Every structure is written in structure tokens, then in C-alpha cells.
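*Asks:* Each chain, written out:
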Amino acid sequence: MIGRIVEVADDKRHLFASRGFMVVQDTEGERKELGQVPLDDIAAVIANAHGLSYTNNLLVALTERGAPFVLCAANHNAIGMLWPVAGNFQQAKRFDAQIAATLPTHKRLWAEVVRSKLQQQAAALEAAGAPVAPLAALTKKVRSGDPDNLEAQGARRYWGLLFGNDFRRDQNASGINAMLNYGYTVLRAATARAVIAAGLHPTLGLHHANEGNPMRLVDDLMEPFRPIVDLHVWQLQRIGEASITPETKRSLVRTLYDDMQTNSGATPVMVCMQRLAVSLAQVYLGERDKLDLPLPGLPLSMAASLADD
Amino acid sequence: MWVAVMFDLPVVEKTERKAATDFRNTLLDMGFEMAQFSVYMRFCTSQAQIDTYCKRVEKALPDGGKVNILIFTDKQYERIITYQGKAKQAAKKSPDQYDLF
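From first to last, the protein sequence lines stand for chains A and B.
Just so you know, we're using my numbering here: the first sequence kicks off at 1 and counts up by one.
Just so you know, we're using my numbering here: the second sequence kicks off at 1 and counts up by one.
Worth flagging that the hints you see were computed from the coordinates, not collected in a lab.
From a predicted model like this one, the values you see are computed outputs, not experimental measurements.
Do not rely on the hints blindly, as some may be mistaken.
What the hints assert, rightly or not - A few chain B residues that don't get close to chain A, going by computed Cβ distances all over 12 Å:
{"#": "1", "residue": "19"}
{"#": "2", "residue": "31"}
{"#": "3", "residue": "37"}
{"#": "4", "residue": "39"}
{"#": "5", "residue": "61"}
{"#": "6", "residue": "88"}
{"#": "7", "residue": "95"}
Stated by the list, open to error - Label pairs and their in silico Cβ distance ranges:
{"#": "8", "chain 1": "B", "residue 1": "88", "chain 2": "A", "residue 2": "129", "range": "40 to 50 Å"}
{"#": "9", "chain 1": "A", "residue 1": "79", "chain 2": "B", "residue 2": "64", "range": "51 to 61 Å"}
{"#": "10", "chain 1": "B", "residue 1": "74", "chain 2": "A", "residue 2": "297", "range": "24 to 34 Å"}
{"#": "11", "chain 1": "A", "residue 1": "105", "chain 2": "B", "residue 2": "37", "range": "52 to 62 Å"}
{"#": "12", "chain 1": "B", "residue 1": "88", "chain 2": "A", "residue 2": "263", "range": "26 to 36 Å"}
{"#": "13", "chain 1": "B", "residue 1": "89", "chain 2": "A", "residue 2": "175", "range": "34 to 44 Å"}
{"#": "14", "chain 1": "B", "residue 1": "22", "chain 2": "A", "residue 2": "26", "range": "26 to 36 Å"}
{"#": "15", "chain 1": "B", "residue 1": "80", "chain 2": "A", "residue 2": "262", "range": "30 to 40 Å"}
{"#": "16", "chain 1": "B", "residue 1": "74", "chain 2": "A", "residue 2": "239", "range": "25 to 35 Å"}
{"#": "17", "chain 1": "A", "residue 1": "29", "chain 2": "B", "residue 2": "93", "range": "40 to 50 Å"}
{"#": "18", "chain 1": "A", "residue 1": "239", "chain 2": "B", "residue 2": "75", "range": "23 to 33 Å"}
Note that CB positions come from ideal geometry on N, CA and C, so glycine has one too.
Just chain A, same shape as in the assembly (with noise of 0.2 Å):
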């Protein structure tokens, strides 16, 4: 099922679980409650505000439905998630399948995500109307484990294509950057929402090898998804929206329920995440040869909104 994304953004608020409902209440004044969402419907909540405070039961309730808490600093990253010790039936099987990979499996599979993310990324700056030639190039010549680093390489000419030369990431930046940080929290929560219900160890990572990461194997496999979040930022910035207001919030969060063109049709980007960690376990466990990753091509409401123009 496809769950909403609750938000948590501003100070003073009182989150707690009643019944089948996470309840927020306003802590200034009459406790006046704000909203409430069924549990069964979340897909992650981002508490993204100093003053919250919650009750132990609406983490637990959460944690059951493997629905990220996710904890963020100031400047909109995510610092820190809530997620269960169990999030599938069958596991340990596939921690053990897991941890027994080998290295050419690992390799192998890296350079079909590397190869998919060069293709989404040729596929947002065609609709920006970039030049593609150099992305393209690149996706033919990723090998086994990317020694060349295309991924690299594919990102230096990226960023430059799709914003301008001036552009340079950066995780504490404001402007561009903080809605590109925003995008991509709420792409890492639904993504470690996926891995965790198909049984895989987070830390457990395909490439990403920072011994300070816990969640090597989500920042593997959100790749594919970043240039959405980043075409959909270049959209914003182009309408003159150039920070993070709770608008442009809820325009990026829409991304995760564009529809992207798989092998079975057209389906969710949430819904893709969770084939991919899914396909991910079945290779572990040997039932399949290859990951399921979404086609090339953009989301199609994206597609359709840049043709409007």
C-alpha cells in the first residue's frame, strides 16, 4: 500500500497514539487537537521541529507498522530513525543470505544501480533540456563494481548540466541544496521503510562502505530515485521557488507517488523502492538473477507537467 508521510514541522507540538490513531495535539493553550492519521496509513513520520515531544506508546505503534520515526536537525537532514528489530518473517534467513553474499554478487549488483541511476539522471536532464551525451556515454561503460567510478564522474558533469556551473552539493547549504536535503529524507525514509519489510539488514551495503553509516544498503538503493527528487527541485527553482517553505515540502513529498515505468507497468516510486529491496532479498536467497529497478524514462505526471510548459 501506498502510506502517507506525516510531518512534523512546527515547535510546540504533543504527538500520542489513541486507538488506531497517531493524535497531535497543540501543547500551547487548550491542547487543542490538530489532526489525526490512521497508524495503519503511515509511512513515515519526519519530526522535524526542537519543541516535540511524544509518548512511548505512538513510537511503539509505529515501530510495529515498520513506519520510520525519523529524526532530523535543524537544517532538514535526518540525523536519526526509529525502525523494529524485526521487520519481515523471514528475516534472519536473509540476514544470513545476506552476509553471505559474495563480493562479485555485491559488484555485480552495484553496477546495475549505478547503470540505473545514470539513466535517470540522462532522463532528468533531457526533460531540463541539458545536453545528455555525456550521461549517456557513461551508462555503457559501467562494470562490475564501478572501478572507474563512473558514479562519480556521472555526478561532476551532473550537477553541473542540470543547475549550472556555479552549483556545488552541499548538505548545510540553503537554497537548492536544503530542498534537495529535504527530497532526500523523505526518499531515505520510504526507502529504509522498503529494505526493512523485505527482511534486509540496512547497515549491510552493497558499495557504500563509510564505517559511520548505518544505513549503507538505503543510501545504496535510493540512487536510482535521486534524480527524481533532483528534476523535481530544478522544476521548482524554475518557478522561482527557491527554499524550503511547507509548499515546496509538499511538492517534493508528492514525488514518492509518481508513477515510474517498470517491467509490470506504470507504479509508484514508493511502490518501486519496495520491489527493488524485495528483488534485492530474492538475489540473496537465489531466486533471482537481477534487481527490479524502474525503467529509464521519467515519472509520468512529471513527464506530462514539463511538456505543459
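Take the given structure of chain A and dock chain B to it, following the hints.
*Replies:* What follows is chain B alone, placed relative to chain A:
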């Protein structure tokens, strides 16, 4: 799409009241919101989800009483005319996929 569960349950005996309260609480646990007394509604994104909830409601049915399940589209939901006393209320919208508090 929306699923509305409407029920009339006997509440004469103590056990009947208990059964009615349990049914009501089960609906709340499933994420049905009270629209009026004995009318509970839930938003669903697909037919498969509707089928699941219908099955779960069926499982939770108490012995006596009558229960109706109605299903209608977002458009039909937005066309509901609501009065509070004599005052007409604004039309409600189906929930967004993103909630900001």
C-alpha cells in the same frame, strides 16, 4: 475511495453494550473515524485495501444488530452536504498523501 460503516446495535443487556463498544473500538483501531454516532468512515487508496477492511469488519461483527458498509468515491465524498444545526458546513476534501503539522 471511502468506506463507511453504519450500524445499529442492541444495547439493552450489559453483554450487548460490551459487544457494541468492542465493535466500535475495533473500528477505531482499524483507522475508521467517527463521522456521526454509529457512522464510521475510512479513506482507502485501492480496491484491494477496501476488500481487506471489509473482511476485517466482517470478522469483528457482533451477534445482534444490523451493519451496512457503503463505498463511495472521492468525488461523491466531496459532494456530501453537511449541516451543523442550521448552518451549512464547508465540503470536506479527501486526505492528502502528505500531512504537515
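*Asks:* So, for every hint listed, does it hold in this structure?
*Replies:* Structure-based check of all given hints:
{"no.": "1", "hint": "19", "verdict": "holds, 17 Å"}
{"no.": "2", "hint": "31", "verdict": "violated, 3 Å"}
{"no.": "3", "hint": "37", "verdict": "holds, 16 Å"}
{"no.": "4", "hint": "39", "verdict": "holds, 17 Å"}
{"no.": "5", "hint": "61", "verdict": "holds, 18 Å"}
{"no.": "6", "hint": "88", "verdict": "holds, 23 Å"}
{"no.": "7", "hint": "95", "verdict": "violated, 7 Å"}
{"no.": "8", "hint": "88/B to 129/A: 40 to 50 Å", "verdict": "holds, 49 Å"}
{"no.": "9", "hint": "79/A to 64/B: 51 to 61 Å", "verdict": "holds, 54 Å"}
{"no.": "10", "hint": "74/B to 297/A: 24 to 34 Å", "verdict": "holds, 28 Å"}
{"no.": "11", "hint": "105/A to 37/B: 52 to 62 Å", "verdict": "holds, 59 Å"}
{"no.": "12", "hint": "88/B to 263/A: 26 to 36 Å", "verdict": "violated, 50 Å"}
{"no.": "13", "hint": "89/B to 175/A: 34 to 44 Å", "verdict": "holds, 41 Å"}
{"no.": "14", "hint": "22/B to 26/A: 26 to 36 Å", "verdict": "holds, 31 Å"}
{"no.": "15", "hint": "80/B to 262/A: 30 to 40 Å", "verdict": "holds, 36 Å"}
{"no.": "16", "hint": "74/B to 239/A: 25 to 35 Å", "verdict": "holds, 27 Å"}
{"no.": "17", "hint": "29/A to 93/B: 40 to 50 Å", "verdict": "violated, 27 Å"}
{"no.": "18", "hint": "239/A to 75/B: 23 to 33 Å", "verdict": "holds, 28 Å"}
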